[in-house]
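Following the hints, position chain G against chain P.
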Amino acid sequence: MPYLGSEDVVKELKKALCNPHIQADRLRYRNVIQRVIRHMTQGLDMSGVFMEMVKASATVDIVQKKLVYLYMCTYAPLKPDLALLAINTLCKDCSDPNPMVRGLALRSMCSLRMPGVQEYIQQPILNGLRDKASYVRRVAVLGCAKMHNLHGDSEVDGALVNELYSLLRDQDPIVVVNCLRSLEEILKQEGGVVINKPIAHHLLNRMSKLDQWGQAEVVNFLLRYQPRSEEELFDILNLLDSFLKSSSPGVVMGATKLFLILAKKFPHVQTDVLVRVKGPLLAACSSESRELCFAALCHVRQILHSLPGHFSSHYKKFFCSYLEPHYIKLQKVEVLCELVNDENVQQVLEELRGYCTDVSADFSQAAIFAIGGIARTYTDKCVQILTELLGLRQEHITTVVVQTFRDLVWLCPQCTEAVCQALPGCEENIQDSEGKQALIWLLGVHGERIPSAPYVLEDFVDNVKSETFPAVKMELLTALLRLFLSRPAECQDMLGRLLYYCIEEEKDMAVRDRGLFYYRLLLVGIDEVKRILCSPKSDPSLGLLEDPAERPVNSWASDFNTLVPVYGRARWANISKCQGAKRHGPELPNTASFATSGSLIPEENKERIQELPDSGALMLVPNLQLTAEYFEKTWLSLKVAHQQVLSWQGAVHPDTLQMALQVVNIQTIAMSRAGARPWKAYLSAQDDTGCLFLTEVVLEPENLEMQISVKQNEAKTETLNSFISVLETVIGTIGDIKS
Amino acid sequence: MIHSLFLINCSGDIFLEKHWKSVVSQSVCDYFFEAQEKAADVENVPPVISTPHHYLISIYRDKLFFVSVIQTEVPPLFVIEFLHRVADTFQDYFGECSEAAIKDNVVIVYELLEEMLDNGFPLATESNILKELIKPPTILRSVVNSITGSSNVGDTLPTGQLSNIPWRRAGVKYTNNEAYFDVIEEIDAIIDKSGSTVFAEIQGVIDACIKLSGMPDLSLSFMNPRLLDDVSFHPCIRFKRWESERVLSFIPPDGNFRLISYRVSSQNLVAIPVYVKHNISFKENSSCGRFDITIGPKQNMGKTIEGITVTVHMPKVVLNMNLTPTQGSYTFDPVTKVLTWDVGKITPQKLPSLKGLVNLQSGAPKPEENPSLNIQFKIQQLAISGLKVNRLDMYGEKYKPFKGVKYVTKAGKFQVRT
Chain P
1 MPYLGSEDVV KELKKALCNP HIQADRLRYR NVIQRVIRHM TQGLDMSGVF MEMVKASATV
61 DIVQKKLVYL YMCTYAPLKP DLALLAINTL CKDCSDPNPM VRGLALRSMC SLRMPGVQEY
121 IQQPILNGLR DKASYVRRVA VLGCAKMHNL HGDSEVDGAL VNELYSLLRD QDPIVVVNCL
181 RSLEEILKQE GGVVINKPIA HHLLNRMSKL DQWGQAEVVN FLLRYQPRSE EELFDILNLL
241 DSFLKSSSPG VVMGATKLFL ILAKKFPHVQ TDVLVRVKGP LLAACSSESR ELCFAALCHV
301 RQILHSLPGH FSSHYKKFFC SYLEPHYIKL QKVEVLCELV NDENVQQVLE ELRGYCTDVS
361 ADFSQAAIFA IGGIARTYTD KCVQILTELL GLRQEHITTV VVQTFRDLVW LCPQCTEAVC
421 QALPGCEENI QDSEGKQALI WLLGVHGERI PSAPYVLEDF VDNVKSETFP AVKMELLTAL
481 LRLFLSRPAE CQDMLGRLLY YCIEEEKDMA VRDRGLFYYR LLLVGIDEVK RILCSPKSDP
541 SLGLLEDPAE RPVNSWASDF NTLVPVYGRA RWANISKCQG AKRHGPELPN TASFATSGSL
601 IPEENKERIQ ELPDSGALML VPNLQLTAEY FEKTWLSLKV AHQQVLSWQG AVHPDTLQMA
661 LQVVNIQTIA MSRAGARPWK AYLSAQDDTG CLFLTEVVLE PENLEMQISV KQNEAKTETL
721 NSFISVLETV IGTIGDIKS
Chain G
1 MIHSLFLINC SGDIFLEKHW KSVVSQSVCD YFFEAQEKAA DVENVPPVIS TPHHYLISIY
61 RDKLFFVSVI QTEVPPLFVI EFLHRVADTF QDYFGECSEA AIKDNVVIVY ELLEEMLDNG
121 FPLATESNIL KELIKPPTIL RSVVNSITGS SNVGDTLPTG QLSNIPWRRA GVKYTNNEAY
181 FDVIEEIDAI IDKSGSTVFA EIQGVIDACI KLSGMPDLSL SFMNPRLLDD VSFHPCIRFK
241 RWESERVLSF IPPDGNFRLI SYRVSSQNLV AIPVYVKHNI SFKENSSCGR FDITIGPKQN
301 MGKTIEGITV TVHMPKVVLN MNLTPTQGSY TFDPVTKVLT WDVGKITPQK LPSLKGLVNL
361 QSGAPKPEEN PSLNIQFKIQ QLAISGLKVN RLDMYGEKYK PFKGVKYVTK AGKFQVRT
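Here the protein sequences come in this chain order: P and G. So for the first sequence, full-length UniProt numbering puts the first residue at 1; every next one is plus one. So for the second sequence, full-length UniProt numbering puts the first residue at 1; every next one is plus one.
If we strip away everything but chain P, and leave its shape as in the complex, we get (with noise of 0.2 Å):
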């Protein structure tokens, strides 16, 4: 970096290290280079010198050597015609009788990084190779990859790479491990470094002589290898099993990642192997360092994606404390939002409610978040906990939560009423857009049910002229006009106002468009709006609940130990891309189909889904009211239809079961606690012809099936038919979860 002033100091240096007094006191002329190391690492340009420093690498100090081999290093792409000046003392060591003297100069010489170099250096390297000490080998066999990035990578030396190869059988296991680094860099365009079976074992049985870094990278390496035999793979396994025992994290996770790609055909050991690693990981997870803390818990994370109840045993590992860093505490969170299970929920959500006061308001929306996550399957308890969090009337904490119960309702449809009660009043904590947005949906969308809806959205009417979110007007219009269908007298002032405000006042065009649109649409006349606006969902939720379920093993097993569980793999995806013109890396899948995983489908796209007609031929009517009585008395007069038995294994989650049917408008009129035996459960629904489908769940837990019974009260096969495969589904799906 050039810097003002640094000319003079060059001045000054220069002729210091000329000075014949100076250079013949040795702590002063080493002193003199000290400085002109200091000053170059400072970043002043100290180019000017270069040639008196080489002529200062004429020495038996070798400390002075060392400075000013570093130097040259640093200068030496600057002045290549000065620095083959350099290169004679440089061979000269080379053959110096001091191991140590050997090693640094062909170390330096390796890593002048200028054209023409490679010619000087490729008798040293060979002649490194074959070194007496192992000092100079260590460094000859990663000169060779060096070297070979000087050539451009163009030709790969043959000779060269078979003497590397020879060179694995070396005595000293740097070397051996160096032999692999260096010939994985040399055979990049080959794809590496090839492990058969003679390599694999030699460096098996080598292992445990490697240090920490080494065992690291070796492992590694292995997973290319593919052993041939079942007895071969317990073999090598059973040679790796003290790995996981290692004191570095790192190697731990090495050995894992092997174990898993190894026994990728036998999940009970991999099974096994996670469960053996969860002590390291777990100790990592609350290691000194909270960087390995976050790498650790990013990992813990993955493994919870195919083991949900892994780490159920030891949620309180993850309650966080309050001076860790945010981004280990945000890990916690979704840690513990993943591991929740019927023991520990209570506890888990407890924690979380102590989290959504935090002084952080980052945090405390991520435990607001994470409650809404857990209320997924605990609706109940973590609506009440929201209700409660909504008391405090804080901006940061209201907003948050208005946008769960939004996610929230749409998914878990039973909590509506809930939900509905707890809005009125907070429009007055909400002042940014999103929390705008979301209040403004939910008092749209359900606002039949919440006396006060028109009065808040007319509040916002008022103000929509200082309003500053475009956004924020566009659901306005939607909520409005959804409002107005269902509470058409308190409605349509306002939305006169409205329409008038965005079509000759606004300055969005997008929210001047969606004005003109709704207006237009409305002209139409109310029967179309109702059918456009308000036609039955669509049932995007049961991919949602998919979502979340088990992934196997070998989907991520060669993610495992990579940056991949900490920064997903579309990042990385991309800088291969802006690699590819040099680099030849593998390539990796496109970034489309890694969109959005577990989070919700944005707000414009729900949007579209539900102004989409459902496919298929049979639409069950939504909030379908039946009284137990009502059902008791139909169920009775009917006769069975369709009678089926579906396999089934574990325990049942009624709460489970209930919110996975009622997204496809299937209501539970009575169902047994969990844990009964047998357990029964009563469903009714009713398509948008009015035919009942009632039906009578059994579930013998001994017998691992569950008997399905359906009645209809109009003889329809085929709807019967489609009825009965959109049961199979939702059970199919659960049951898949569970066991």
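No wet-lab data here; the hints were simulated from the structure. Built from N, CA and C at the ideal position, the CB exists for glycine as well. Heads up, some of the hints might be wrong.
[Unchecked claim] Computed footprint of chain P on chain G, listed as stretches where at least three residues anywhere in the stretch have a Cβ under 8 Å from a Cβ of chain P:
{"hint": "1", "stretch": "2-12"}
{"hint": "2", "stretch": "54-68"}
{"hint": "3", "stretch": "196-203"}
{"hint": "4", "stretch": "279-285"}
{"hint": "5", "stretch": "326-339"}
{"hint": "6", "stretch": "387-401"}
Chain G alone, transformed into the frame defined by chain P:
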């Protein structure tokens, strides 16, 4: 693997850079600064940051950021561990890992980095091997060096690198043969309002300092090895022997090293040595509040608890605090809102307490949550888990070594919610 390393201080100056492959421009750190700005607090900068062409993996240690530039897919834990090893080495060499120490010893820092990493791959990282390659600076040596002009670089090759056992050099010789073990346990705990334990766990380590001649083969046994839940071992330990007999059998490295680390997490085994009585309250619509805490011994196995410090991050609306300690001294920093009370040790006859008034910003709403107390303490001669070393035997050498075991219990992340 590791392309470049930047050292950055808290105020955002890059004060040292080292490149192992090609030179990466300093401007890559702009992405780091951006993240730092977004994180508001330096503590909260995420350890992995992606940029269009690189990943930046960083650690934060002793108010310094070690930022490494990565260009290929790497195991993140590996890099993080390595960066910590670099920081540990600086600490070991200079006594502290601070900007001043690194700047003072910039030449040694470069020498170290050069030996620790070649072409981006970790090479020599064991402290005893490094110290033979590059001698650490000492006050005495720097004086001697300046008089005689001798160097701080070993002239001979480290012998350890040629021994069959990578962690031990051959031909070690001592006049006094000694083997010391420190059993150090840290209690991580969260105590809730009412004083019951939300979460508690012991993280223990056994650090060894071995100065024995020749090739001693040691075995260390415990009175109660089943206590240890999760153990991770130094590579020198024979794992099979531990699996079958619960005995630590090993040929030790020379000098200081960490023999094992372990966890004891079964809740009922974790004794909580101190309790805190607290009464912190803020009045509605008034600009003051009350603060009153008392510390007492709980399950301390009859040992003295010493070195107690209580740190409290008070809410933002707190302007000042007016307190009286019965023991020790306290400070309150009105900028960071951190209250620190240096208590000293507990005498059970008169329990230390700190009470007084809290001044709040007038007009601001009262804080909705009480602050948590972070407590530090130390108990000598006690391993709180009850772990006890039974005996240490040495084979393979004839002399009689001097042996010693010390126990210490400390607070780790020990937090009391109020």
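Quick check: do three or more residues in the stretch 54-68 of chain G have a beta carbon closer than 8 Å to a beta carbon of chain P?
holds (count 6)
Does the stretch 2-12 of chain G contain three or more residues whose Cβ lies closer than 8 Å to a Cβ of chain P?
n = 0 at 8 Å, threshold three: violated.
Taking beta carbons only, do three or more residues of the stretch 326-339 of chain G come closer than 8 Å to chain P?
Violated: only 0 residues of the stretch 326-339 of chain G have a Cβ under 8 Å from chain P.
At a Cβ distance under 8 Å, does chain P reach at least three residues of the stretch 387-401 of chain G?
n = 0 at 8 Å, threshold three: violated.
Take the stretch 279-285 of chain G, compare each residue's beta carbon with every beta carbon of chain P, and decide whether three or more fall closer than 8 Å.
violated (count 0)
How does the coverage statement for the stretch 196-203 of chain G fare against chain P, requiring three or more residues with Cβ below 8 Å from a Cβ of that chain?
Since three or more residues must qualify, the claim that chain P covers the stretch 196-203 of chain G holds, with 4 doing so at under 8 Å.
Hint check: violations occur at hints 1, 4, 5 and 6; the rest are consistent with the structure.
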